[in-house]
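Asker: For what it's worth, our numbering labels the leading residue of the sequence shown as 88, then goes sequentially.
If you're looking for bench data, these hints aren't it; they were derived computationally from the structure.
Be careful, since some hints might not be right.
Derived DMTMM-like pairs: lysine to aspartate or glutamate, alpha-carbon spacing no greater than 25 Å straight-line [unchecked claim]:
id, residue 1, residue 2
1, K263, E319
2, K366, E170
3, K263, E225
4, K232, E170
5, K715, E726
6, K229, E187
7, K340, E361
8, K135, D106
9, K340, E105
10, K132, D327
11, K568, D311
12, K307, E319
13, K383, E674
14, K307, D354
15, K412, D438
16, K467, D438
17, K710, E685
18, K351, E341
19, K263, E187
20, K232, E295
21, K598, E344
22, K715, D675
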Amino acid sequence: MISLSGINLFFGADPLFEDVSFLINRTDRIGLCGRNGSGKTTLLKIIKGFVQPTGGQISIPRDATIGYLPQEFHHTSNLSILEETQKAFEQVMELQQKIEEINIQLGTRDDYESDAYMKLITDLHETEDRYRILGGYEMEEKTEKILKGLGFLQEDMQRSMSEFSGGWQMRVELAKILLQQPDLVLLDEPTNHLDIESIMWLEEFLVEYPGAIMMISHDKTFLDKITNRTIEITNGSIQDYKANYSKYLILRKERREKLENAVKNQDRQIAQMERNIEKFRAKASKASFAQSLIKKLDKIDRIEIDPEDVSSINIRFIPPPRSGKVVVNAENVSKTYGDKQVIKPMSFTVDAGEKIAFVGKNGMGKTTLSSMIAGELECKGTITLGHNVKLGYFAQHQTNRLDFENTILKEMENTAYSSDSFTKVRGILGAFLFSGEDVEKKIKVLSGGEKSRVSMAKLLLEPINFLILDEPTNHLDIISKEVLKIAIQNFEGTVIIVSHDRDFLQGLTTKIYEFTPLGIKEHLCDINEFLAKKNAASFREIELNKKQKPQEEKKSENKQQFDQKKQDDKEIKRIKSALTTTEKRIEDLETELKTMDEQLLDPVFYAKISNDKSFFVKYDELKIELNKEMERWEGLQLELEKNL
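Given these sequences and hints, build the entire structure.
Answerer: What follows is the structure in structure tokens.
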């Protein structure tokens with residue numbers, strides 16, 4: 088449907104993309120992956136037409152439509168939520184206005200028998216037919232259905248866009264794209280601003296979506312549920328895998344291992360040829376033979392492996408000063424917005440060294456309570472920080488607090504109040520993968536992940552013993568999330584984390600605050616125990632509890648799943664056994680052919696068998712058999728991937 092051919096993009100002399108080519112087909116579900124700053128967002132913008140490549144060509148059919156949801160969005164609309172969303176029906180709204188105008192004219196005229204009046208009647212019927220065909224009569228119903236799926240309540244529909252945060256405004260933009268149903272949907276981190284229930288709804292919607300999808304997401308479960316193809320950006324080029332994220336990781340590892348083995352084999356062959364060339368080129372009688380080997384060596388197509396990007400951020404919190412035993416003491420605290428009580432009256436303490444997770448739906452008060460504890464939001468009751476508590480707060484929209492006109496270095500220096508901190512700035516930036524000229528980049532040109540890294544780097548400028556992290560993994564790539572997790576595990580201070588990322592929270596916290604419509608419940612356990620209590624494997628299943636089947640049906644379903652898994656395991660075992668046999672035969676054939684190749688390079692041996700056709704017949708037969716075994720191996724590999 089859409090093709091990219093030989094795309095190049097340079098920033099100054101530095102290439103971001105070099106000779107990138109791939110097709111997007113009508114039913115593709117593509118996950119775009121790569122390290123923060125590798126160019127994922129830029130590639131989406133190139134496809135949408137917001138960024139022009141330095142070279143190459145993009146071919147888009149004339150009638151193809153593309154919807155794009157950016158990673159960050161700032162609305163200035165004062166329309167209601169419903170009105171803003173209905174802008175997706177631009178053509179329908181124009182027809183609706185035309186119908187209203189015609190009806191006004193008909194109501195003010197009395198020349199019922201005139202041609203002009205009859206023409207208005209005809210225009211009205213034709214416009215109403217067109218309005219009906221384009222779904223005008225279902226417009227409001229469809230709009231409300233999608234808005235509710237994305238977490239809006241009925242009473243929100245008539246509220247102004249300006250009353251909602253950037254995250255909720257982003258949901259409106261997403262709703263408009265889904266209503267327009269473009270041929271290709273480009274989504275840049277769509278789950279960052281969604282709670283679990285909305286993520287699940289979006290998953291179901293996108294699974295059934297009739298067009299193509301290309302998305303950037305660091306939610307592994309979300310990617311696995313929706314995508315059937317993964318494009319990896321690394322070192323300015325791409326690798327295309329016909330698999331979802333989890334299978335891509337396996338295939339990527341296998342592909343690299345095969346390439347490494349192929350390179351080793353080729354290097355050995357080249358080394359042998361070079362030795363033979365050196366051996367024969369000095370002898371006059373063998374000079375022509377040496378020249379033929381040189382020509383053969385020049386024709387070899389060298390196998391290349393892209394250098395693997397092994398760089399990763401290095402987060403090490405400065406050893407914190409010792410705080411008192413009680414870090415936070417909250418007495419009868421609550422928070423109300425108008426008539427809505429977000430935090431019901433509660434009292435609690437946070438002790439030194441505790442690592443606590445805040446979990447639950449959006450809108451239940453997780454961020455509100457975090458801001459109250461951090462002293463950034465007033466509340467009823469009292470919240471007191473303990474003796475010698477040094478607080479570091481990473482807000483949910485922390486990147487919005489950066490000065491976008493500053494360079495990375497200037498932003499850090501402005502935060503480094505003490506002379507001791509100034510000496511640490513460049514070292515900390517280097518640990519977060521900002522070195523050399525990178526530190527002179529302005530904040531406004533950074534990707535979402537890079538902005539998050541800058542915000543996190545600022546936390547390390549001063550020693551702190553109490554961390555509050557509100558959705559710290561938003562915009563971070565999967566490797567960076569794991570590095571952050573390890574840093575928090577090793578942090579000697581106290582931590583409160585707001586997150587819905589189960590993989591991130593595993594093994595990280597020992598206490599859970601669950602935010603519910605009835606209030607906040609405390610669970611003295613880690614995330615795995617909490618989920619076990621809920622009889623769920625993930626937060627997604629917690630939200631689906633109301634949809635669970637009766638116990639007997641569930642047992643029957645589990646039995647079927649067990650039997651199917653048993654059958655699948657048996658089939659996988661058979662395929663793996665066949666693969667092992669095939670791989671052994673390929674290895675034997677390659678060894679035998681290699682021996683014959685070496686024999687052919689020996690002039691004495693070659694002279695002996697030059698008139699013996701049996702040697703060459705056997706050689707050709709081995710080549711044919713090797714090709715067949717390779718084809719069989721590829722078929723078995725594909726069969727194995729389907730069954731995994």
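Asker: None of the hints should be skipped; say for each whether it holds.
Answerer: Status of each hint after checking the structure:
1. Between the alpha carbons of K263 and E319 the distance comes to roughly 28 Å, so the proposed pair goes past 25 Å and is violated.
2. Proposed proximity of K366 and E170 is contradicted: the alpha carbons are some 82 Å apart, above 25 Å.
3. Between K263 and E225, the direct Cα distance comes to roughly 15 Å. Compliance with the 25 Å bound is thereby established for this hinted pair.
4. A threshold of 25 Å between alpha carbons decides the hint, and for K232 with E170 the separation of about 14 Å falls inside it, so the pair holds.
5. Among the hinted pairs, K715 with E726 is consistent with the structure: their alpha-carbon atoms are about 16 Å apart, no more than 25 Å.
6. Pair hint K229 plus E187 holds up; C-alpha atoms about 22 Å apart against a cutoff of 25 Å.
7. Between K340 and E361, the direct Cα distance comes to roughly 31 Å. Violation of the 25 Å bound is thereby established for this hinted pair.
8. A C-alpha spacing of about 19 Å is found between K135 and D106, which places the hinted pair at or below 25 Å, so the restraint holds.
9. Taking the CA atoms of K340 and E105, the gap is about 23 Å. The hint holds against a cut of 25 Å.
10. Restraint check for K132 and D327: satisfied, since their Cα atoms lie roughly 19 Å apart, inside the 25 Å limit.
11. Distance check on the hinted pair: K568 and D311 sit about 18 Å apart at the alpha-carbon level, within 25 Å; holds.
12. Between the alpha carbons of K307 and E319 the distance comes to roughly 14 Å, so the proposed pair stays at or under 25 Å and holds.
13. Restraint check for K383 and E674: the C-alpha separation of about 24 Å stays at or below 25 Å, so the hint holds.
14. Taking the CA atoms of K307 and D354, the gap is near 37 Å; set against the 25 Å cutoff, the hint is violated.
15. Taking the CA atoms of K412 and D438, the gap is about 6 Å. The hint holds against a cut of 25 Å.
16. With a C-alpha separation of about 22 Å, the suggested pairing of K467 with D438 holds against the 25 Å cut-off.
17. Between K710 and E685 the CA atoms are separated by roughly 15 Å; this keeps the pair inside 25 Å, and the hint holds.
18. For the given pair, K351 sits about 15 Å from E341 by alpha-carbon distance, which is consistent with the 25 Å threshold.
19. This hinted pair checks out: K263 and E187 have alpha carbons roughly 24 Å apart, not beyond 25 Å.
20. A distance of roughly 16 Å separates the Cα atoms of K232 and E295; the hinted pair therefore holds under the 25 Å criterion.
21. Between K598 and E344 the CA atoms are separated by roughly 42 Å; this puts the pair beyond 25 Å, and the hint is violated.
22. A threshold of 25 Å between alpha carbons decides the hint, and for K715 with D675 the separation of about 14 Å falls inside it, so the pair holds.
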